[in-house]
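Peer 1: Protein chains in written order, with the numbering used here: chain X, 116 to 359; chain S, 116 to 359; chain H, 116 to 359; chain W, 116 to 359.
Bear in mind the hints are in silico, worked out from the structure with no lab data behind them. Just so you know, these numbers come straight off a predicted model, no measurement behind them. You may find that some hints are simply not true.
When chains are identical, the list treats them as one kind, so a pair holds in a single copy or across two.
In silico DMTMM-like pairs for lysine to aspartate or glutamate, Cα to Cα no more than 20 Å straight-line [unchecked claim]: (1) Lys275 x Glu334; (2) Lys263 x Asp200; (3) Lys275 x Asp300; (4) Lys313 x Glu154; (5) Lys275 x Asp200; (6) Lys313 x Asp288; (7) Lys275 x Asp297; (8) Lys190 x Glu154; (9) Lys275 x Asp215.
There are 4 protein chains.
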Amino acid sequence: MVPPHARAGAIFLRYVRVTFSRLNQSAVPMTPATTPFAERLLACGAEIARTGAELAARGWTPATSSNFSMRIDDKLVAVTISGRDKGALTVSDVMAVDLDGHALDPALHPSAETALHLQIYRREPDAGAVLHTHSHNQTVASRLFASKGVVALHGWELQKAVTGYTTHDSELDVPVFPNSQDMRDIEGRVDAWRDAGKPLYAYLIDGHGLYTWGRSMAEARRHLEALEFLLACELDLIRLGGNP
Amino acid sequence: MVPPHARAGAIFLRYVRVTFSRLNQSAVPMTPATTPFAERLLACGAEIARTGAELAARGWTPATSSNFSMRIDDKLVAVTISGRDKGALTVSDVMAVDLDGHALDPALHPSAETALHLQIYRREPDAGAVLHTHSHNQTVASRLFASKGVVALHGWELQKAVTGYTTHDSELDVPVFPNSQDMRDIEGRVDAWRDAGKPLYAYLIDGHGLYTWGRSMAEARRHLEALEFLLACELDLIRLGGNP
Amino acid sequence: MVPPHARAGAIFLRYVRVTFSRLNQSAVPMTPATTPFAERLLACGAEIARTGAELAARGWTPATSSNFSMRIDDKLVAVTISGRDKGALTVSDVMAVDLDGHALDPALHPSAETALHLQIYRREPDAGAVLHTHSHNQTVASRLFASKGVVALHGWELQKAVTGYTTHDSELDVPVFPNSQDMRDIEGRVDAWRDAGKPLYAYLIDGHGLYTWGRSMAEARRHLEALEFLLACELDLIRLGGNP
Amino acid sequence: MVPPHARAGAIFLRYVRVTFSRLNQSAVPMTPATTPFAERLLACGAEIARTGAELAARGWTPATSSNFSMRIDDKLVAVTISGRDKGALTVSDVMAVDLDGHALDPALHPSAETALHLQIYRREPDAGAVLHTHSHNQTVASRLFASKGVVALHGWELQKAVTGYTTHDSELDVPVFPNSQDMRDIEGRVDAWRDAGKPLYAYLIDGHGLYTWGRSMAEARRHLEALEFLLACELDLIRLGGNP
Numbered sequence: 116m117v118p119p120h121a122r123a124g125a126i127f128l129r130y131v132r133v134t135f136s137r138l139n140q141s142a143v144p145m146t147p148a149t150t151p152f153a154e155r156l157l158a159c160g161a162e163i164a165r166t167g168a169e170l171a172a173r174g175w176t177p178a179t180s181s182n183f184s185m186r187i188d189d190k191l192v193a194v195t196i197s198g199r200d201k202g203a204l205t206v207s208d209v210m211a212v213d214l215d216g217h218a219l220d221p222a223l224h225p226s227a228e229t230a231l232h233l234q235i236y237r238r239e240p241d242a243g244a245v246l247h248t249h250s251h252n253q254t255v256a257s258r259l260f261a262s263k264g265v266v267a268l269h270g271w272e273l274q275k276a277v278t279g280y281t282t283h284d285s286e287l288d289v290p291v292f293p294n295s296q297d298m299r300d301i302e303g304r305v306d307a308w309r310d311a312g313k314p315l316y317a318y319l320i321d322g323h324g325l326y327t328w329g330r331s332m333a334e335a336r337r338h339l340e341a342l343e344f345l346l347a348c349e350l351d352l353i354r355l356g357g358n359p
Numbered sequence: 116m117v118p119p120h121a122r123a124g125a126i127f128l129r130y131v132r133v134t135f136s137r138l139n140q141s142a143v144p145m146t147p148a149t150t151p152f153a154e155r156l157l158a159c160g161a162e163i164a165r166t167g168a169e170l171a172a173r174g175w176t177p178a179t180s181s182n183f184s185m186r187i188d189d190k191l192v193a194v195t196i197s198g199r200d201k202g203a204l205t206v207s208d209v210m211a212v213d214l215d216g217h218a219l220d221p222a223l224h225p226s227a228e229t230a231l232h233l234q235i236y237r238r239e240p241d242a243g244a245v246l247h248t249h250s251h252n253q254t255v256a257s258r259l260f261a262s263k264g265v266v267a268l269h270g271w272e273l274q275k276a277v278t279g280y281t282t283h284d285s286e287l288d289v290p291v292f293p294n295s296q297d298m299r300d301i302e303g304r305v306d307a308w309r310d311a312g313k314p315l316y317a318y319l320i321d322g323h324g325l326y327t328w329g330r331s332m333a334e335a336r337r338h339l340e341a342l343e344f345l346l347a348c349e350l351d352l353i354r355l356g357g358n359p
Numbered sequence: 116m117v118p119p120h121a122r123a124g125a126i127f128l129r130y131v132r133v134t135f136s137r138l139n140q141s142a143v144p145m146t147p148a149t150t151p152f153a154e155r156l157l158a159c160g161a162e163i164a165r166t167g168a169e170l171a172a173r174g175w176t177p178a179t180s181s182n183f184s185m186r187i188d189d190k191l192v193a194v195t196i197s198g199r200d201k202g203a204l205t206v207s208d209v210m211a212v213d214l215d216g217h218a219l220d221p222a223l224h225p226s227a228e229t230a231l232h233l234q235i236y237r238r239e240p241d242a243g244a245v246l247h248t249h250s251h252n253q254t255v256a257s258r259l260f261a262s263k264g265v266v267a268l269h270g271w272e273l274q275k276a277v278t279g280y281t282t283h284d285s286e287l288d289v290p291v292f293p294n295s296q297d298m299r300d301i302e303g304r305v306d307a308w309r310d311a312g313k314p315l316y317a318y319l320i321d322g323h324g325l326y327t328w329g330r331s332m333a334e335a336r337r338h339l340e341a342l343e344f345l346l347a348c349e350l351d352l353i354r355l356g357g358n359p
Numbered sequence: 116m117v118p119p120h121a122r123a124g125a126i127f128l129r130y131v132r133v134t135f136s137r138l139n140q141s142a143v144p145m146t147p148a149t150t151p152f153a154e155r156l157l158a159c160g161a162e163i164a165r166t167g168a169e170l171a172a173r174g175w176t177p178a179t180s181s182n183f184s185m186r187i188d189d190k191l192v193a194v195t196i197s198g199r200d201k202g203a204l205t206v207s208d209v210m211a212v213d214l215d216g217h218a219l220d221p222a223l224h225p226s227a228e229t230a231l232h233l234q235i236y237r238r239e240p241d242a243g244a245v246l247h248t249h250s251h252n253q254t255v256a257s258r259l260f261a262s263k264g265v266v267a268l269h270g271w272e273l274q275k276a277v278t279g280y281t282t283h284d285s286e287l288d289v290p291v292f293p294n295s296q297d298m299r300d301i302e303g304r305v306d307a308w309r310d311a312g313k314p315l316y317a318y319l320i321d322g323h324g325l326y327t328w329g330r331s332m333a334e335a336r337r338h339l340e341a342l343e344f345l346l347a348c349e350l351d352l353i354r355l356g357g358n359p
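So that you can see chain X by itself, here it is in the shape it has in the complex (with noise of 0.2 Å):
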C-alpha cells in the first residue's frame, strides 16, 4: 500500500536522520534529500521541531510528554517519535508512517498514541496537522469535567479563533472521553462523537491532555492556543466562584 518510491525515501532519510541528528533544528538542511517525498518529510519534521520546541517553553509537553504531527501526502503522516524531549526535537526525532500506522523506515516503530493522529487525518479531509498537548489546564479541566463529558464554552470572544466560529454568541462543545490504555477504547468514543453528527475540533482525555488539529500548523497552532486560553478561564471562574 504504501508506494515504493516513498519507501526509498524513507529509508534513505534514516542515513540523513544519523548525519544531522546532532545538529540543533536551525541547522536542518533541506538540500539533500532526493525525492520530493524526502524532502516534505524533512520539511514536516523541522516544522514539528519548530512547533515543539515552543510549545514546550509554555511548560504544555511536561516529562516527554504529548505527541505532534503533519500529514505529508494523501497516504503518510509525519509523526513525533514516542518518549523523546518535546523541547529539543529534531528531524531525526520525526518518523513517517501511513494511514494504517505501519512505520515507513523498518528500524522505527511508532507510539502507541499514534492511532489516535492516524484516526483524526483518516476522518477529516482537511486535517493538515495534529497537537496533542498536555498542559496543566488541560489536564486538570479533563479531571473536573470528565462526568459530565464536555467542556461547553460560550460567551468568549477568543470562540472565533476555532475556524467556523464568527461569535461569541454561539456554543463550542470540547468532549472529554475516559482515558485507556488501549488507544481502539478512545478511538470508538471520538467515532461515536462524529457518528453522531456533532462538530469535533478537539477533544480532551480523561487526566491526560488535548487534541486538536487545524488545516495547516498554524491554524492547529491557533486553535490550541485559544483552546488552552479558553480553558484556562473556564476554569477560573469556578475557582472565583462565578456561573461560567
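Based on the hints, put chains S, H and W in the right spot on chain X.
Peer 2: Relative to chain X, chains S, H and W alone:
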C-alpha cells in the same frame, strides 16, 4: 477629507511594505520615507511592533487576538491589521486610517474593532495611543463583573500609576460593557458612559478583554500594566475570601 | 553636614550621567570617577540597576513602581529616582542623598518614599541595602492581612533564609502597616513596632507592597526572595482551605 | 575507606576549582583532570551545574535552597555545597563525599542535608542522581497533606513518566514526612517506610520540598518534572472543588 499628500504617502508605503515585510522589526529602515507623514507612519509602525512583541511575550494577546494603534496627526491613525500574530508584527502589519475608518491604502481593509480605537481618538483629544489586549485576568474579570457593569478599584497604591490619580484613597472605575459583534453597540455604551459625565481611562468588554489609552505609547502601556496588575489582585482577593 | 568632597563628586557625576545615560548597564564604565565617593556611587548604581532588571523580569515592579537603595558610607545613601522603569535602570537613574534626605546634586529630587529607606538606614546600623517591591503576592497579602496587622509565618523551612532564623520551628512576623501618602505616618508605625522591642526584618504596607533589607544587596535579595515565596505559600494554603 | 587515588584527585580538583571558579558552566574544561575519578567528578559537577541553572529558571530553588547530587562510583558521591545560588553553580560549587558523609577535600564541609542524599544512595543501588527542590507546589502540598502523611496520586496519565508505572490506573504514593533540623529524624521516617515494604520513588518533607531520584540525571529530572506537574494538578483540583 484625507489630504492628497497623505494618500500619496500611503500608496508609497505599500511598496516600502512589500520590500521590507520580511525584515524583522529591529531592522526597519526609517530613511527611505518620502514625506513627513510616511516617516511618522513608519515610526508608529515600529513602536507598535515593539510593543506587540513585549505584550505577546506576557501572554496578553493569545491566538492573534488584540490590536494596537497610535495617532499619526489630527486626521489619521496607525492601527494593526486584523488577524496577525501580535508577537511577530512588522511595519507591514500596520495600516493608516482616517478618523472615520477609511483606509488610506485602498488595498488594505481595517478590522471591525478599529471603530473602537477611532471613537477614543475622536472623543479624547489627548489620546495618542490605544491598546486593546486580551489577557487571562482581563477576560475573567470581565465575565465575573459583567452583571455589575463595573470593577470599582480602591485602596491600591498602584492606582497612582493612572494619570490623574494621586492617592490610593480614591476610586478608579473600570466599566464592563456587554460584548457585541456590532461595534456600534459597544460605541453606544461608551458614549453613554462619557455623556453621563463619568471619567473614563479604560473599559472592559464582557468575555473580550480591555481597552486603555494614554497620551503616548509609554503612558498607555503604564496604564495597561497597572490595570492588569490591579485586576489580578482584585480577582485574587475574591479567591481568598477577602473583601476587596 | 554633607562633606564637600562628596558634593563635588555628586556634581561631577551629573556629567558622567549625561554622558553615559544612553549606555546599557553592562557597559557602565567604572574608571572615570574622580573620588572614592564617586566610584562607590557608580558601583552602587550598577548593582542597583542589575538588581532592578532581575526583579522586573519576575514582574515584581509593575508600572514604574518600587524603589531600591544601598548605603554608600556612614552619611550617604544611593537611591533610585522616582518614576523610572525599574527593568531598564542605568547609573543615571540612581541619586545620592544624605540620611536626612537632602540630595547631593541640587538638580535631582528624591521621591517621597526615600524617607522610608532612610529611616531603615538610621535605625538599623547593619543595613547595607533596602528593597521595596510591589509583587502580586505581596500586594494581595498586605490587603488580606491588613486588619490583623501581621503575617505570622511558621513551619516553613525557608524561614531559615532570613538571617537569624535557624529552624522552621520559629515564628517570623511580617507586620502590615496602613498605607498613607504622608510617609511620616508610616515612619511612626515602624518606630512604634521597633520601640516595642519587636524584631523587624521586613514589613508590608496595605495595598502597597514590601520593604525588606540586608547587610548587603545579596542578603537583601535573599530575604526578598524568601519572603515572596513564603507569602505566596501562605496565600495558597488559604485558597486550599488549609490551616496555615 | 576512601581510596587514596580518589583523595588525591579531590585535592587536585581544589586547584582546578580555584582556577576555574570564575568561568561560567559552559566553559568548564574537561581535559586537565589527572585521574578517571577527577574526570568523573568534573563531569558530574558540570551536569549538576547545568541542571541547577534549568531548575532555578523555573523558580524551584528559591533563596539558595535545594541541593543536587550524582553518584561518582560505588563509594563516592558528588553533591552541591550548601548555601550557593542554585541558578549560578559552577564545578567549584560541587564537592565529593563518601557514603558516610566524609568530605574528600578536608577544606570543604558538606551541608546537613547531604545525609538524606547518601541514605538514598545506600538504600537504592540503582540510584545515580538525587534532586532536592523547593518549589511552590511541592512546599504547599507538603503542608496540606502533612497530617495525612501521603499524597496518593491516581488517574493521571503522567504517572507513566515514573519508572515502573505503565498505566494511569495505578496508585503512586508520595509520602510526606515531618520536618526536622536533625536529619536522623527524617532518615528514620524514610527507613520505616521502606522497611514496611512500600515502594518509594520520591518523598516530601513538611514545609520543606521534595526529594526524588533516578538511575541517571535525565531520569531524576523526568521524575521531578512529572511529580511537580502532578502535585500542581492535585492541588488545583482541590481549589476547584473536584474530588481528586
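Peer 1: All hints are to be evaluated individually against the structure, with a verdict given for each.
Peer 2: Results for each hint:
1. Lys275 x Glu334: within (12 Å within a copy, 30 Å between copies)
2. Lys263 x Asp200: Neither: 33 Å inside a chain and 34 Å across chains, both beyond 20 Å.
3. Lys275 x Asp300: Answer is between; shortest inter-copy Cα gap is 19 Å, intra-copy 31 Å.
4. Lys313 x Glu154: neither (37 Å within a copy, 52 Å between copies)
5. Lys275 x Asp200: between (32 Å within a copy, 15 Å between copies)
6. Lys313 x Asp288: Close inside one copy (9 Å), not across copies (40 Å); limit 20 Å.
7. Lys275 x Asp297: So lysine 275 and aspartate 297 pass the 20 Å test across copies only (14 Å; inside, 34 Å).
8. Lys190 x Glu154: within (16 Å within a copy, 51 Å between copies)
9. Lys275 x Asp215: neither (34 Å within a copy, 26 Å between copies)
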